[in-house]
Every structure is written in C-alpha cells, then in structure tokens.
Amino acid sequence: MTALLGSRSDVPTDVRPGTTPVPRRRRRRFTVESTAPLLLVFPAIAILLVFRVYPLILGVNFSFTGDQELNGVFIGLDNYVTLMNDVRFHAAARNVIVVLLFVPIEVFVAGILATFIFLKVPGHRFYRSVYFLPVVLSPIIIGAIFNIVLAANGPLNELNRAVGLPIVDWLGQSNSALPSVLGVHIWATFGMALVIFLAGFSTVDQELLDAARIDGATLPQTIWYVVIPELSQTIQFVFVTTTIGMLTGLFGLLYTMTAGGPGAASYLPEFLIWKLNGEAKPALASAASVVLLLLILVIGLLQIRVLRRATKEV
Amino acid sequence: MRSTGVARWLIAVPMAILALATIYPMLYTLNIALKTRYDYVIDRGGLTTTFAFQNFVDAWTQANMGRYYLNSILVTVVSVLLILLIASMAGFALSHLTFRGSRAAFLLILAAMMIPFQVIMVPFIKTLSDFSMINTYPGLIIAYVSQFLPFTIYFMTAYFARIPKEITEAARVDGNNIYGVFGRIMLPLGRPALLSMGILNALFCWNDILISLLVMQSPSQRTLMVGVSALRGQYPDNVPTYLSGVLLVVLPLIVVYLIFQRQITAGVTAGATKG
Amino acid sequence: MKRMINSAALGLAAALTLTACGGASAGGGTGGGSGTDGGTADKLVVWNWGAADDAAAAFQEDVIATFNEQNPDVEVEVVSQPFDQYYTLLGSAIEAGTGPDVALFNGGTQLKSRAGSLVPVTDELADITGDLAGWPAFQADGETYSAPMFLQGFPIYYNKAIFEAAGLDPEAPPTTWEELGAACDTITSSTDVSCFALGNKEGLGIEFFLSGFGSGIFTAEEYDAWIDGERDWTSEHARQVLTMWSESSADGWYNEGANSTAMFNDSFDIFSGAKAAMVIGLSSGIAHWKQFDEFLGDDLGFMMPVTTNEGTTLALPIEGGIGYGVLNEDKKDLAVDWIKATVERDAQADYALAGGQIVSNTTVELDTDIASAQAIITELPGSKPLLHTSLSGDTLDLLHRLGQQLLVGEVTVDEAAAQLQASEG
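Chains as they are written, first to last, in this note's numbering: chain B, 1 to 314; chain L, 315 to 589; chain C, 590 to 1014.
In isolation and in its complexed conformation, chain B is listed as follows (with noise of 0.2 angstroms):
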C-alpha cells in the first residue's frame, strides 16, 4: 500500500507541470523555508490520501466484484448495468441537481436575514443569537420533529385550515417530499450561513453606507448598489459552504423525514448506497457510490467554477 499512496501523492504535481508558479530559489532547497509550506500541508495531505483517496479506490475496485455468492468474484461492469436499470438510481442522480437547485434559496435567506440584523432592526441581537440554535440540534431530532409539524394532521396544516388553504401531505407525495426537507434543510442551517455573512459585513465600508444615506438612497438601493457588491466575496463563500451542506448533510434529515420516499422520489446518493449496503449489497453499493460520486464531483466544482473564484486562488 505504501507504494500505492507513493504513486498517488505524486499525481497531484505530475497533473499540470510548472502550472504553479513556483519561485525559482533552486539555491535554497531543504532550508527551513522552502521546505516549511510542505511540511505544513504534509498532516492534512496524508490523511486525506490515507483515509479518503485510498478507500475510495478500494471503493472503485471492489465496484467491479459481485454480491452475495459472486462475492469477491471479478464481474466487469455488470453492476453499473444493474443501477442503470434501477428507478432508485435514476431518482438519486436527479435529486442531487434538485438540491442544489435549493443552494441559493439557502444564500438569499441567510443574506437578507443577516443584512436586516446588519441594520439594526429592532431586537437584532436577540435574533442573531436565536438564529443559530438549530445548528446546535442533531439532523435526526430535527427530522422528528418536523415529521409532526409537516403531518397531515400536524400544526401547518392546522394553520392552512384556519386560513383557507388547502391540506398538504408534505412528506407523503412524490412533488412536495423533497422540497419540504430542503426547506427543513434551510431552517435548520441558515444560522450558519448567517454568522458567515455577519462577519463578511462587517468588511462594508462605513463611508459608503453614510455617503449613502445623504444622497437619500432607500433600503433596497442601500442592499443593492452598496452591500451586494462589498459583499461579493462572502456571498461566494457562503455559496461555496451551503453546497457542501446540501451534498454532504441531508442523510439524517432524509432519513428520519421521508426514507427516500414516497416511491423513489426523494431518494439521494447518500441514502441510495446507505440502502444498498443494508440490502447485503454491498458492491452495488460501490459502484453507486463511484457513479454518483463522480456526479457530485463533477456539479459541484462545476458550480464553483461558475462562481468564478470562492476565496483567493492560491
């Protein structure tokens, strides 16, 4: 194994030689300095290669192997025909371009939420405190109590009849099962996002927003013409951070809230390989876990791309 992770760690560099833009100090090598940044990295690098590239190569090749009495026998691709042919699968893949679809719900509510607390609105302290609480509460409490609060017969219901609008199965029909548990997503870890933001306004130039208000600019001008674009770089982080919520942090709430259902609807990687793998399918799980976790791979850093650069490149 260790010639493995050799030849692995080396990939990284061999990639695109001479892209980084590596100061020519050939004379000083192996001083304090120019081995510092390695060193530096070395504990975070190892322990991703070992713990996280390694298995996953174990992960691709055992994807290839069968089940139950083909246990350990080679099978080529017969296990990526198998979930080629599954609804689940179909329903998975789909799902994460669903999710992600909630990304910016999740930024635009923490951002507006954040800006109104920025400004001061009466009891803003107490909401910024408020507000972070659900980060604190574990998914799986989370999910049980909203099973209750988004019943058929359960207190948003209650308030629905009360007003005139009509009764919603939330979690037990195939278009609103999903949606709902984003939206529970999104209660649940806006605080987060929120904090990012506060600490991100706290870079607003004072000047700009005074010189604002005596040229009598509204509210929404104030946000639009001023904050947004001091904030630009927050917003990308918060960006950044709330998708990696939605692809990693959905399992508990899926879990406890819908079990992927009704029928496949609200099925995600995540819980498909979980399923999977409690079905004694274990390789099936892994080829799963290779298909859909090139998908994620290939969405997210695509969405990254597309928000152009999240922090400094380095």
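Hints listed in this document are in silico derivations from the structure and should not be mistaken for laboratory results. Don't take every hint at face value.
Reference listing, derived: stretches of chain L covered by chain C, where coverage requires no fewer than 3 residues with Cβ under 8 angstroms from a Cβ of chain C [said to hold, decoys possible]:
{"no.": "1", "region": "351 to 364"}
{"no.": "2", "region": "431 to 443"}
{"no.": "3", "region": "451 to 464"}
Sample of chain B residues at the chain L side, in silico, Cβ under 8 angstroms [unchecked claim]:
{"no.": "4", "residue": "V32"}
{"no.": "5", "residue": "S129"}
{"no.": "6", "residue": "F132"}
{"no.": "7", "residue": "T248"}
{"no.": "8", "residue": "I273"}
{"no.": "9", "residue": "N277"}
{"no.": "10", "residue": "P282"}
{"no.": "11", "residue": "S289"}
{"no.": "12", "residue": "L292"}
{"no.": "13", "residue": "L295"}
{"no.": "14", "residue": "I296"}
Distance windows between CB atoms, simulated [unchecked claim]:
{"no.": "15", "chain 1": "C", "residue 1": "A654", "chain 2": "L", "residue 2": "L388", "range": "42 to 52 angstroms"}
{"no.": "16", "chain 1": "C", "residue 1": "A654", "chain 2": "L", "residue 2": "T364", "range": "31 to 41 angstroms"}
{"no.": "17", "chain 1": "C", "residue 1": "T1001", "chain 2": "B", "residue 2": "F74", "range": "38 to 48 angstroms"}
The C-beta atom is built at its ideal place from N, Cα and C for all residues, glycine as well.
Starting from the known structure of chain B, arrange chains L and C on it as the hints suggest.
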C-alpha cells in the same frame, strides 16, 4: 434611508416570528419529554400535565450516559483540537505560501469536502480495520478528523487569505521564520475563525451517530448520542424517554453556545479585515 | 478554476486507470464475519437491537445466565444497535471483516437474503426441532440457519368501543370483505375516527395488508405456491390485492397522511389512542395484545382475516419472528449454545408474559386473561406463514415503494403488477 424607521419595525415582525419558529422545536421536545408514555399516546400535542422528570432519570441510567459523557468529551475534544491544528497549518500554507503542488492540494481538499460519508463508508471502515483501529479511540478520532478536516481547511484558507501580506511580511522583517509567523501572527489573528470552527466541529462530533456506530462496536466505548439512540429498539415506542435523553445530550451544547456566542459572532467580525 | 476542473478530471481518470487493473484482488476475501477479536475463544460477541424495556433486559439476563452455565469461562459481549441502522451496520461490519460472532435477524426475507454470510446449523439444532414452531422462516436451501425465538404474526385488532359508538355489533366483527367495507363506511360516517390506522412511511403498510388479508384472497393452493416461490403478480388474485389496497385508500379507510405516518410507532399510537377502529398489528414485540390492552383494556378485540373470494381458507398469518444467526465459523459451538439458550423454556415462559410475546416454544402456556392473546393462540394450529416474507429483498423493496405510490394514486394497479412481476425475474 428615510423610511427605514417604519420599515425596520415592519421587517422585525416576520423576523420575530422566525425567531419563535427556531425556538419552538426545543420547547416542543421539552414538552414531550415531560410526558408519560401513556399521555404521549393519548394526547401528543397538548401541554404536559404530568411533568414526568423520571424520564430524564430513566434515560440517564438506561443509556449509561455517565460513562458515555466522558467518552464523548474525550473524543470530541481531541478530535477538534487535531482538526484545528492541522487545518490552520494547511490553511496558512495554502493562503500565504507558494509551493509546488499547492493547486493540486487545494483541489484535493475541495473534492474531499464534497464526499458524503456514506459514499466511502464501507471501504473506509475496511481501511481502519487494516490499521487495527476499529474499536479504539484513536480510530474514532481519525475518522472524525478525516471527515471534518477538509471543510475546516477550506474555511481557514479563506479566512487567512483575508489577512494582508503586509502583516506577515512585517513579521518576517522582525526576524520570524515561517513557523514564527504561523505561531505568533496567524494563530492569534485566526482565533475567531478557530473558535467558530471549533464549535461547529464539536457539534458535528458530538451529534454524530453513524461514524461512531461503525467504529465503536464495543458497548463500553460508545459515545453519548449512540447510547441515546439505542434507547429506541426495533420499535421506537418510548418516545418521551428517548427525547429526554436527547435533551440531556443537547444541553451542554446549548450552554457552550450561549457562553461563546458573542465571541463567535463579534469575534469573527473584529478579526476580519477587508478582503 | 478552469485549470482546477481539468486537473480534477485528469486526477480522477488517473485514479480509475490505476484501480481498474487491480480489480479482483482487493474485492475478494471479504464476507464471512470473523469476530472482532479474531481467535480469542473466551469471548462471544453478540449483536442485537434494543433491549430497552425491563422485560427484554430481564430476558437477556436469563439467556446469558443459561449460556454461562454451560460455558462458565466465556464472556458474552452483547452489542445493542439501533434497529433502524442495524442491517447496514451489520453489512458494513461483515464487509470490513469486523462483524460479530452471532447476530440477531428477522426471519424470512432478512435472514434468507443473507444466508450466504451465515453458517448453517442444521444438525446442531436437530435435537430441539420438535419443541419449537416457526422454523421455515429460518431455513433456506434445505439448511437451517437459526432457531425462532418468537412467533410474529399480523392479527387484526379492533376497538369494541368504537364499533359500539358507530352502531356496529362489537362482538360480531366483519367476516367478509363486503361487510368490512360496509363497517368502514359506517365508522367513518358516524364517528370522527378513521376505520383503519395506517403508517406507510417506510412502505410497510402494503406488506401488512398483503399478509394480513392474504388468506381470504388467495386459494389455499395459490397461497402455498406463493410461499414456495411460484408467484404471478399479474394473476387475478395478486392484482386484486393491489386493487383492494388502492381502493381502500380511495374510500377513505385510513388516517390522513398515511404515507408520512411512521408505522412504528405512530400508526399504532393512533389505534391505542382510540383514533382508529381497527389496525393490522403484531403478535410479539410491540403493537400486540399486551400493549394495546394497556390502553384499551376490555375494548380490545381480535378478528380473523375476512373472506374476499369464495373457496379460500381463512388462516392466522404467523411464523417465526426473530432468531440468532451464526457469522463466525470458528465459534460455531459457542454460537449454537447461545441460540439454544435463547429458546430455553423457562426464560421464554417468563418473557412471554412480561414482554407480551407469542413464543416459539410450544410447551409454554401463556398465562394471561387478555382475551385477544388467547384467541391468537387458539388460531395457531391452522395458521399459515406470512406472504410477504417469502419475497426477495428486491421485490419487497419495490413493493414498499409501489405501495406508497398506489396509496396516493401515482401509479396504476396494472403498472405496479407489471413491475412486481418483472422483479421476480
């Protein structure tokens, strides 16, 4: 911004409702935790009349919470410290130093950040098992570190990138080497970000069930949240006891948050310079 | 960032090529749980799910004591896992080579789909075969993999007080599908409770429906053929099950939002809380005669499945519920002792009463005056195995999903039948 006086009050109303909506689930949970099982079945939504504090005692003893508290504290504290140390080292190098392969390293971190744990669950456990780390505290700690490290590195890189190069260069002029700059300048300046990430990672470790269940199979080594989730059998029937256990798990988190929350928000604000 | 994406693609391509060559080597050699501590003979690692209530805990103590009488130097480590994660945890552990020596399984589909990882114990258990009922759920391909601890069935319970309030005779529950439909109409129109409590969030509702009503729908020959694996989902009676399921929902038999109601334990709480007149429940574990009795007392009634088609023979659907399977070949002898300890007569007798179980040991007499328990026991001789537990894991999962879609009209009976038939392969 003339009309903002009235507008602010108008905006405050939905915000206050949202605030209530964030507190409501906690109160709801507390209400159910204080019901007897019988009352829960008969009338789930109504206010408790029984105040069954015995549920908390039952949860504490049945879930062996005394022992599991210690386990969870140990694992969480060590994991978080390791994550913060390794992440701030890497974040400093990636944001302020140039070296061959930095782009590839950052890419690896970005990609690792997007991997849901379930995707690598089985081969990861197999890897841990190859290192004989199943059923050991170091095994669970390395599992948490590898799971939560990438995001923390990303966060620290972004944060450190906001610290102007002039500050680090000034420190170099004063005779510090790279490690001196890291220890004397970056870590103190990064304190607010480290605090936020510390709290967040502590939450993740503390609330985790899945990773802990997979790595720690021996009952005496389990963590708190796992112990509580085992209060539910095949048929989760005693919901009030279970929720009592859940509240006992969450309580220290809320206390810690309330103690540190001003420093988290105010601290990040003070530490950030214009990017 | 463009570079980043490009190099990502390159890196992944490199990783894939690297690994494709080594294909078979890393994948092999897994499965077949070796105990956590390898070869130590003085420890038996046992996995099960929750022993949260006092009766279950006491039963576990009894079993350990019995086991230690025979193996005084062996330490038993019982690991209680949360049930909702149990099979994934177990599968992952077996796959990673860190599984337990012995693990608890549900009979039927769950055990049979994992028979490949289990050690057969046919000969070792031969001497206790006569004492216990419910073996078929733990047998596959002519081998026995475990001994049933309890019998699990799907009896229909009803609330006599609600029948009375609706103007129905509480002592004469419906006996045909038409009568049942009429009773449901009466209940929903004259009271504000639902006719049946249903939780279909996990998709379990339709399997309760299939097994609960099956003996009144399928002829005895069809029933036995179904159990033996000769199933035709497009046949008249199989389609009838799907139609009845779909129509009972359209006719408003169930509580609102059944698809988002958890069967365990929300739907049973609806019945316990007298918010539904009937429920297809269980005979052991939970949602059974003893637990409903706590809430409903003398109002609790038990009824047999109803006759839907002429020429059917009504039978109580019940079979072996749960039992321990052996994962570690090296500790087979200890494991067999453990399995035998779990079906030991005295421990079972105590637990039957305290925990509300219909135990597998036929020599145990259930000393209770709860009428529905005695009624269940009376029906045991003519009982039949459950229809759904003979399905493959794939078909069962598909049935769960189609059951949810049928319930809200997102799929037609024809489509559902065709998909199910296709999955039988």
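Evaluation of the provided hints:
Chain C is given as covering the region 351 to 364 of chain L, and this holds because 6 residues of the stretch bring a CB closer than 8 angstroms to a CB of that chain, at least three being needed. Given a C-beta distance limit of less than 8 angstroms, the hint that chain C covers the region 431 to 443 of chain L holds, as 6 residues qualify and 3 suffice. With 0 residues bearing a CB less than 8 angstroms from a CB of chain C, the region 451 to 464 of chain L misses the requirement of three and the coverage assertion fails. For V32 (chain B), the suggested interface contact is upheld, since its CB lies about 6 angstroms from the closest CB of chain L, less than 8 angstroms.
The interface hint given for S129 (chain B) is met, as the beta carbon of that residue sits about 6 angstroms from the closest beta carbon of chain L, less than 8 angstroms. Taken as an interface hint, F132 (chain B) checks out: its beta carbon lies about 7 angstroms from the nearest beta carbon of chain L, inside 8 angstroms. Given hint, T248 (chain B) at the interface with chain L, holds; its Cβ is 5 angstroms from that chain's nearest Cβ, closer than 8 angstroms. About 5 angstroms separates the beta-carbon of I273 (chain B) from the nearest beta-carbon of chain L, less than 8 angstroms, and the hint is met.
The closest approach between the C-beta of N277 (chain B) and any C-beta of chain L is roughly 6 angstroms, which is under the 8 angstroms cut-off, so the hint is satisfied. At its closest, the beta carbon of P282 (chain B) sits 5 angstroms from a beta carbon of chain L; the interface hint therefore holds under the 8 angstroms criterion. The interface hint given for S289 (chain B) is met, as the beta carbon of that residue sits about 4 angstroms from the closest beta carbon of chain L, less than 8 angstroms. Restraint check, L292 (chain B) versus chain L: the minimum CB separation of about 7 angstroms is within 8 angstroms; hint holds.
For the restraint placing L295 (chain B) at the interface with chain L, the shortest Cβ-Cβ distance is roughly 10 angstroms, beyond the 8 angstroms limit, so the hint is violated. Given hint, I296 (chain B) at the interface with chain L, holds; its Cβ is 5 angstroms from that chain's nearest Cβ, closer than 8 angstroms. Take A654 (chain C) and L388 (chain L): their Cβ atoms lie about 33 angstroms apart, and the range 42 to 52 angstroms is violated. The supplied range of 31 to 41 angstroms is met by A654 (chain C) and T364 (chain L), whose beta-carbon atoms lie about 36 angstroms from each other.
For T1001 (chain C) paired with F74 (chain B), a C-beta distance near 41 angstroms keeps the hint of 38 to 48 angstroms intact.
Hint check: violations occur at hints 3, 13, 15; the rest are consistent with the structure.
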